[in-house]
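Peer 1: Just so you know, the protein sequences line up as chains G and H, in that order.
For this note's numbering, add 6 to where a residue sits in the first sequence, where the first one is 1.
For this note's numbering, add 1 to where a residue sits in the second sequence, where the first one is 1.
Read the hints as simulated data drawn from the structure, not as lab findings.
Some clues are possibly wrong.
[What the hints assert, rightly or not] From the structure, some residues in chain H lie toward chain G, with a derived Cβ separation under 7 Å:
| no. | residue |
| --- | --- |
| 1 | Y62 |
| 2 | S64 |
| 3 | P195 |
| 4 | G198 |
| 5 | R202 |
| 6 | N306 |
| 7 | E354 |
| 8 | N362 |
Each residue gets a CB set at the ideal place from its N, CA and C atoms; glycine is no exception.
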Amino acid sequence: MTAYLIRRILNAFPILIGVNLITFALFFMVNPPDDMARMQLGQKYVTEEAIDKWKQQHGYDKPLFYNGGKSGTAKLTETIFFQKSVRLFLFRFGRSDSGRDIGADIRERMWPSLAIALPTLLLGLAVNTSFALLLVFFRRTYLEFGGVTGCVVLMSISALFYIIAGQFVFGKVMKLVPISGYDSGPAAIKFVILPVVVGIVAGIGSGTRWYRTLFLEEVEKDYVRTARAKGLSETEVLFRHVLPNALIPILTGVVAILPLLFMGSLLTESFFSIPGLGSYTIDAISRQDFAIVRAMVFLGSVLYIVGLVLTDISYTLVDPRVRLQ
Amino acid sequence: MVYYTPMDISRIVSLLGLCLLGLCACEGPLNNPYPARERQANIYYASFSERPKHLDPAVAYSSDEYRLIAQIYEPPLQYHYLKRPYTLVPLVAETMPEVTYFDQSGQPLPADAPTDRIAFSEFLITIRQGVYYQPHPAFSRDEKGRWRYHHLTPERVEGIKTPLEFADPGSRELTAEDFVYQIKRLVHPQLHSPIAGLMQRHIVGLADFAADMARRYREEKTEGFFDLRPYDIEGVRVVDRYHYSIRLHGKYPQFKYWLAMPFFAPMPWEADRFYHQPPLQEKNLTLDWYPVGTGPYMLVQNNPNRRMVLASNPNFHGERYPDTGEAADGPAGLLRDRGKPLPFIDQVHYLLERESIPAWNKFLQGYYEASGIGSDSFDQAIRFGVTGQARLTDTLAGKGVRLQTAVAPSIYYLGFNMLDPVVGGLDERHRKLRQALSIAIDYEEFIAIFTNGRGIPAQGVLPPGIFGWLKGPEGINPYVYEWKNGHPVRKPIEVAKKLLAEAGFPGGRSPATGEPLLLYFDTPGGGPDDKARLNWYRKQFAKLGIQLVIRATDYNRFREKMRTGNAQIFVWGWNADYPDPENFFFLLYGPNGKVEHGGENAANYHNPAFDRLFEKMRNMENTPRRRLLIEKMQEIVRRDAPWVFGYHPKNFTLFHSWLHNVKPNMMANNTLKYMRLDSADRARLRRLWNRPVWWPLGLLLGMMALAVVPAWLSWRKRRQATAL
């Protein structure tokens, strides 16, 4: 397994370089350093000298990919791409274009993102698997038909609607929870309740249908028929046999997205004013802060790769037939 | 397996209910976003949607930055809170600056000397004695007089989250040196002050100083603190501990307004030195993030991702509420606190609200003291009476909410690129084309549709409240409006059509080709949100038979088009830096042309007659002669019509009944110190407005219980079913 992991890590490097290259090219095609300087310097009284000074101070006064004025390796290293990208591989994110330490910001903002994403994932998992099991339990009845129809309806509604409706009903009409905001420590609980509930409800439709498919596939297998033939009740069959076996794809799917939970949710964080990493990225894009965008895209890529590796490992743990070589 | 009897379930539910009731008793309203300890505290709550980029007074320039730093940094002057027109008064200056003029040989000139003889003007500023900075570790010294926190190591800042967490903060008296240090910082090689270029043109020796510092900075390759103190600016001088002078090129009376902006607030060098320590910078503890000032408030918490907290400065120098104001201020209760020490509010909490809907709902619940009105919620808040007067809806009026409106010192206009061969040029033909369009584009309709009536149509360059703006028939744009029944009325479209025909485009068509005249409207955006607005512009041009082509692009490309003169027609805006007509007319001054000179004259308008008048007017005091010149300038630009004068936006602010001393002041940003709030009344109303409503929850649980019934029936049926 160690050899497999080393190989996967080595394979990750070209992927990360590629992602970096594409992000860099896209960003600079839309947004050259002059425009970035203008955006940072404001609207009024922006002179060419000020733009040059900003570019020089932030290291944007070099060529993008190739520095013909230098010799040797400096032709490649004395470029914006090299200077801005290499340190990322050491997880040194540097300073944002507005001067803040990006690493410190990420460390601070990942906790609120996790505070929302983790309970939403775990509780959502419990709710969705329960509903899915119920639908399987009542399969081929009008209850299943009604349940699936309900899931399709829930899936068809925009996530934004759930957020606004949740804020309206629970925050404005019923006045049970704050409409938006965040606090640290135990005081965060009252702010987390509504986004978590909204996140769970918004995910019920798709989650339940997906898990129902997995369970249905499982209940048709031979061992289930054998269990029934032995005289086990349907409840016992579902909970003792179907659920543990169907959990394998569910758990591996969850493991894959676990690292990405740090990255937060753009919409939820924005509407509930949660100071997480999702809103951090959105802010950076709207401010054209390339340093942050680059760091967040890189981090997202790394976490995605980590997620895939963890999935592979989790396969070996939950299914003894799988070996990583 | 554990089984619960109905009795157990009942007990659990009761226990949960009791816990919930307990929670209600402790916290007040369940939806209260603030801790219980703050329930009756003298705290002002406000929201912000985007974190400020900079809090360094040399760099900060936008309104969201000023609303914060203006409470902390104190420049020499400020705007009187109540008086109108806007009047400058001393803040940390003892008196208004003494201005002396000098000729080319350095000889003093009388105050009424002709402008062309004045080679230099010198502002002598006397600052107040006994003004102290907020407590801060940058000033702290040990028993032997050594700096306690100027040589920090990573270990010493372990666990420190704000500079105020250092154990022994210090302070010191404000001196003239601090003001001079800040002027040097405007051209600091590590900073990007937006007014650096502008001030280098005005302050004697600042350009040379900037070049010298840039050279030294390059040579020294300093990463940390780059000390500016050993170097001097030729025109800026510390006279003694409480006096300093600034020498300017020529006459520039508007400079006094700059002295009321945070750019010229004092900066202690110790703070600059302190924040340049790497262990602090790695924790994002910088001068750009934690200001050090003498103002009524100091920043004690700065988490722009969530909350920024200002607390009253214990060293504040004891300013008092104004004794005088306008005639209506007394009856309006705005002089009730006259002579009382400021500030009235202990803390100000700014909370992040990224979206307008939650912020608005929290205002309605009493969790914010004041609010603007978004277009989504406008109908909930405002209705217009038969006279067009904006009034609050019954719901808001019933809550005791009050409304204040004020016209902003801003203008939005539709500009023509005067370098463009089709719409530009000062000849009669092109002028008539622009005049025709000025009549056809109905900004009254625009204001009604797109701003919910929050604006007044512009009659010229100047908004109300700026010297030179005229009310009544004298103040209207005679090329676009007529004065009828006591109101300006837009001229009929037939007049525009006639002008267009005289311009050579009868019926909006080119006589040579017979094709409709094609004009191009350059704009950033162009997404679904802009569609209605852009269609509206198309329709306005279509009234004259002109076909308008929308060239939408992203903001960066749009700015590039403007810089290179490739835009034809565009919409632009300007918000005044200070209440002087010069700050509006310079937008049309030829040598400020955007394409040729990179200035703020986006239309690239260049009329020598206008420029001559501007050069005379800009350096004058507000005298009848200046007013006469302004009238002439207005007449020239109205006739030439390089802009279709759009509108001046009108700000609508709502505030709750417990907030007192609120008067809109569109120039001053340091107004929080005048506000007073009745926190007991606020707590009472919050409780009243936020009683939990439980029945929808019961309804929901009932519906879920009902859904269980068919499931149970189905389950029972299955249990009872036989195999065959």
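Peer 1: For each hint, tell me whether it holds in the structure or not.
Peer 2: Comparing the hints with the structure gives:
1. Restraint check, Y62 of chain H versus chain G: the minimum CB separation of about 5 Å is within 7 Å; hint holds.
2. A cut of 7 Å between beta carbons decides the hint on S64 of chain H: the least distance to chain G is about 11 Å, and the hint is violated.
3. Because the beta carbon of P195 of chain H sits about 5 Å from the nearest beta carbon in chain G, less than 7 Å, this interface hint is met.
4. The closest approach between the C-beta of G198 of chain H and any C-beta of chain G is roughly 4 Å, which is under the 7 Å cut-off, so the hint is satisfied.
5. Taken as an interface hint, R202 of chain H does not check out: its beta carbon lies about 10 Å from the nearest beta carbon of chain G, beyond 7 Å.
6. At about 3 Å, the closest approach between the beta carbon of N306 of chain H and any beta carbon in chain G falls short of 7 Å, and the interface hint on this residue holds.
7. The interface hint given for E354 of chain H is met, as the beta carbon of that residue sits about 5 Å from the closest beta carbon of chain G, less than 7 Å.
8. A distance limit of 7 Å between C-beta atoms decides the matter here; for N362 of chain H the minimum to chain G is near 5 Å, and the interface restraint holds.
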